[in-house]
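Heads up: the protein sequence lines correspond to chains R and L, in order.
Here my numbering is used: the first residue of the first sequence is 1, the next is one more, and so on.
Here my numbering is used: the first residue of the second sequence is 1, the next is one more, and so on.
Among these hints, one or two may not hold up.
What the hints assert, rightly or not - Think about it this way: if two alpha-carbon atoms lie no more than 27 Å apart in a straight line, the pair counts; the simulated DSS-like pairs of lysine-lysine are:
#1 R:Lys50 x R:Lys26
#2 R:Lys98 x R:Lys50
#3 L:Lys9 x R:Lys37
#4 R:Lys68 x R:Lys98
#5 L:Lys9 x R:Lys98
#6 R:Lys26 x R:Lys98
What the hints assert, rightly or not - Distance ranges between label pairs, derived from CB positions:
#7 R:Gln2 x L:Met19: 24 to 34 Å
#8 L:Met41 x R:Ser63: 18 to 28 Å
#9 L:Lys14 x R:Lys37: 27 to 37 Å
#10 R:Ala9 x L:Asn28: 32 to 42 Å
#11 L:Ser80 x R:Lys59: 42 to 52 Å
#12 R:Gln8 x L:Ser69: 38 to 48 Å
#13 L:Ala82 x R:Phe92: 22 to 32 Å
#14 R:Ala96 x L:Gly3: 16 to 26 Å
#15 R:Ile93 x L:Asp38: 17 to 27 Å
#16 R:Asn110 x L:Ser18: 38 to 48 Å
Source of the hints: derived by calculation from the structure; they are not laboratory data.
Bear in mind that the values here come from a model prediction, so they are computed numbers and not experimental data.
We treat Cβ as the ideally placed atom computed from N, Cα and C, and that holds for glycine.
Listed below, chain by chain, are the residues.
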Amino acid sequence: QQPVQSPQAVILREGEDAVINCSSSKALYSVHWYRQKHGEAPVFLMILLKGGEQKGHDKISASFNEKKQQSSLYLTASQLSYSGTYFCGTDFIQGAQKLVFGQGTRLTINP
Amino acid sequence: NAGVTQTPKFQVLKTGQSMTLQCAQDMNHEYMSWYRQDPGMGLRLIHYSVGAGITDQGEVPNGYNVSRSTTEDFPLRLLSAAPSQTSVYFCASSSAGTGVAPQHFGDGTRLSIL
Chain R
1 QQPVQSPQAV
11 ILREGEDAVI
21 NCSSSKALYS
31 VHWYRQKHGE
41 APVFLMILLK
51 GGEQKGHDKI
61 SASFNEKKQQ
71 SSLYLTASQL
81 SYSGTYFCGT
91 DFIQGAQKLV
101 FGQGTRLTIN
111 P
Chain L
1 NAGVTQTPKF
11 QVLKTGQSMT
21 LQCAQDMNHE
31 YMSWYRQDPG
41 MGLRLIHYSV
51 GAGITDQGEV
61 PNGYNVSRST
71 TEDFPLRLLS
81 AAPSQTSVYF
91 CASSSAGTGV
101 APQHFGDGTR
111 LSIL
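With the rest of the complex left out, here is chain R (with noise of 0.2 Å):
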């Protein structure tokens, strides 16, 4: 049911774009896209919905793609405050809010 994160890590140059997958062998109802930085608590992003929205939040955006049950999250023009580790969580029952977390993708943005 861990939904597959893909790459597992990154390496970008400030400016540069990354996009990161998320795909579910199992129905979604919801993902879930969080931040975490070392040591720190994840972060919350934005959590998208079945029926393929997608959502922007500055320069991150996300998309949810229902017929190949993946979510996609877009980072465009990359700053340095974007390095961490980026989780999605999966929701597979309306209500439930019990996620299931892929295992993560490491991003490191370089000057």
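Given chain R, work out where chain L should sit, using these hints.
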């Protein structure tokens, strides 16, 4: 705004000891969850609660007990600590609201079992 407060922040235990990790939230959230995070891995759900008096198991519940007597508090009990329980433990809360809401995480408890 305190949000989600976890205590203690660090703890070292000996194998076989028991202890309780405390979690309190002041946002009147209905949902609360406990996760463990092992090095280089994602978060795994231990137990969660949808309201006072209601709890359910997550992915890795063995060796842990929970209860929820109030909306604010959701303590996690380790019955007999084992080295495999060495981990960082996060408590999170969220609003029932529309059924989908962000989870607010505490700062975590770093637990070592010797």
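Outcome of the hint check:
1. Under the criterion of a C-alpha separation no larger than 27 Å, the hint pairing R:Lys50 with R:Lys26 is consistent with the structure, at around 13 Å.
2. Restraint check for R:Lys98 and R:Lys50: the C-alpha separation of about 16 Å stays at or below 27 Å, so the hint holds.
3. Restraint check for L:Lys9 and R:Lys37: the C-alpha separation of about 17 Å stays at or below 27 Å, so the hint holds.
4. Distance check on the hinted pair: R:Lys68 and R:Lys98 sit about 21 Å apart at the alpha-carbon level, within 27 Å; holds.
5. Of the pairs offered as hints, the one joining L:Lys9 and R:Lys98 holds, with about 25 Å between alpha carbons and a cut-off of 27 Å not exceeded.
6. Between the alpha carbons of R:Lys26 and R:Lys98 the distance comes to roughly 14 Å, so the proposed pair stays at or under 27 Å and holds.
7. A C-beta distance of roughly 28 Å is found between R:Gln2 and L:Met19, which places it inside the suggested range of 24 to 34 Å.
8. For L:Met41 paired with R:Ser63, a C-beta distance near 26 Å keeps the hint of 18 to 28 Å intact.
9. Range check, L:Lys14 to R:Lys37: Cβ separation about 31 Å, and the 27 to 37 Å hint holds.
10. Between R:Ala9 and L:Asn28 the Cβ separation comes to about 39 Å, which falls inside the hinted range of 32 to 42 Å.
11. Here the CB-CB span from L:Ser80 to R:Lys59 is close to 48 Å, well matched to the stated 42 to 52 Å.
12. Separated by about 41 Å at the C-beta atoms, R:Gln8 and L:Ser69 satisfy the suggested range of 38 to 48 Å.
13. For L:Ala82 paired with R:Phe92, a C-beta distance near 30 Å keeps the hint of 22 to 32 Å intact.
14. Between R:Ala96 and L:Gly3, the C-beta spacing of about 23 Å keeps the proposed range 16 to 26 Å intact.
15. In this structure, R:Ile93 and L:Asp38 meet the distance hint of 17 to 27 Å, their C-beta atoms being roughly 26 Å apart.
16. Against the hinted window of 38 to 48 Å, the Cβ-Cβ separation of R:Asn110 and L:Ser18 comes to about 46 Å, which satisfies the hint.
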